[in-house]
Amino acid sequence: MSDTEKPAPIEKVSIVISKGSLDGVYPGLIMANGARAEGIEVNLFFTFFGLDAIHKKRAEHIKAATVGNPGMHMATVVGALPGMSAIATHMMEKKMTALDIPSVPEFIEFISDTGAGIYGCQLAADMFGFTKDDFVEQVQDIITVGEFYEMAAGGQIIFT
Amino acid sequence: MSTMTIAGNDIELNDEGFLVDPNQWTEEVAVELAKENDIDPLTDQHWQVINFMRKEYFEKGTGPTVRVLGKVSGVSVKELYQLFPKGPAKIAAKIAGIPKPRGCI
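For the record, the sequence lines run as chains A and B.
For the first sequence, our numbering assigns the number 1 to the initial residue and increments by one for each residue that follows.
For the second sequence, our numbering assigns the number 1 to the initial residue and increments by one for each residue that follows.
Hints are computed from structural coordinates only; laboratory data are not their basis.
Backbone N, C-alpha and C define an ideal beta-carbon position, used for all residues, glycine too.
It is possible that some hints are incorrect.
[Claimed, not checked] In silico lysine-lysine, BS3-like type, Cα no more than 30 angstroms apart, as pairs:
{"#": "1", "chain 1": "B", "residue 1": "K60", "chain 2": "A", "residue 2": "K94"}
{"#": "2", "chain 1": "A", "residue 1": "K95", "chain 2": "B", "residue 2": "K78"}
{"#": "3", "chain 1": "B", "residue 1": "K35", "chain 2": "A", "residue 2": "K12"}
[Claimed, not checked] To be clear about the criterion: a stretch of chain B counts as covered by chain A if any three or more of its residues have a C-beta under 8 angstroms from a C-beta of chain A, and this derived list gives those stretches:
{"#": "4", "segment": "69 to 81"}
{"#": "5", "segment": "85 to 93"}
[To be verified] Take a look, some chain B residues computed to stay more than 12 angstroms from chain A by CB distance:
{"#": "6", "residue": "M1"}
{"#": "7", "residue": "G8"}
{"#": "8", "residue": "D15"}
{"#": "9", "residue": "N37"}
{"#": "10", "residue": "T43"}
{"#": "11", "residue": "D44"}
{"#": "12", "residue": "Q45"}
{"#": "13", "residue": "Q48"}
{"#": "14", "residue": "N51"}
{"#": "15", "residue": "F52"}
{"#": "16", "residue": "E59"}
{"#": "17", "residue": "G61"}
{"#": "18", "residue": "T65"}
{"#": "19", "residue": "P99"}
{"#": "20", "residue": "G103"}
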C-alpha cells in the first residue's frame, strides 16, 4: 500500500462481551452502536458473566466493581464496605444519564433496532443454567463458539 | 477535496464526501448526493430526515446522532436504517449537506 492510498474501511465486526460489570458491558455496547452508526455490520456475542447484560432479570442490575478495580481510586477495604458498589453504580449512572447514555436494557434494544445481531454463548448459558427464555427478546439465538466464528467470517473480532 | 457540478454550480466536497459549505446545498444537490450513496429515489420519509438534519444543524451547530434522530425526528430507529442502511446520521448528514455528526452515542 502506498502512503497516499487510504486503507479499506472496516465493513464488519463481531464484538464479544465477556464481563458482567458496568465497565465490562458498556464499552462493547458503545463500540457496537458506533459501528452501526458508521454502517458497519455488527454481531454482538455475550459470554460468561457478560450474559447478565442480556438476562431479563439481571440486565437492569449491572453494577460497577469497587473491589479489585484500581480505576476506581478507592482503597480495597473501602470498596468492600456494604453498599459501596451500589453507591458507585448510582453515581456513574447519574453521569451517564446526563450524557444521554441509555440503560443496559434500553441500549440492547436500541442496538438490536439498528440491525445488529445479538447472541448468547451456549456453553456459558449451560454453565449458569440459562435457556433462551431467560434472555431478553432481542437475543436472536444461543450459539456455540464454532457458530460464532462462522458468523464472524470476513470481519474483525473484538473481545471485551 | 473534490468538486461536483450541479445545475451549473460547483459544489465543494471534503475527502469523505461531505459538503464543505452547508450553504451551497440545494435539493438538487441532495438528489445527486443520494444517488452517489445508492439511495434513489428520495422518498418523503428521506426528506423528513434530511430536513430535520438541516434544521438541527442550523439551530445547534451540529447534526443529530442516530439516537437523537430516533427520539425526535418522528422516524423510528428501525425505519432510519431501512432508509439509510449505511448509517442514518452519517449518510443523511452527507445528503443534507451538513458536516458529519460527532458523538459516540
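Q) Of the hints stated earlier, which fail here? A) Of the numbered hints given earlier, those the structure breaks are 8, 9, 18, 20, listed in rising order.
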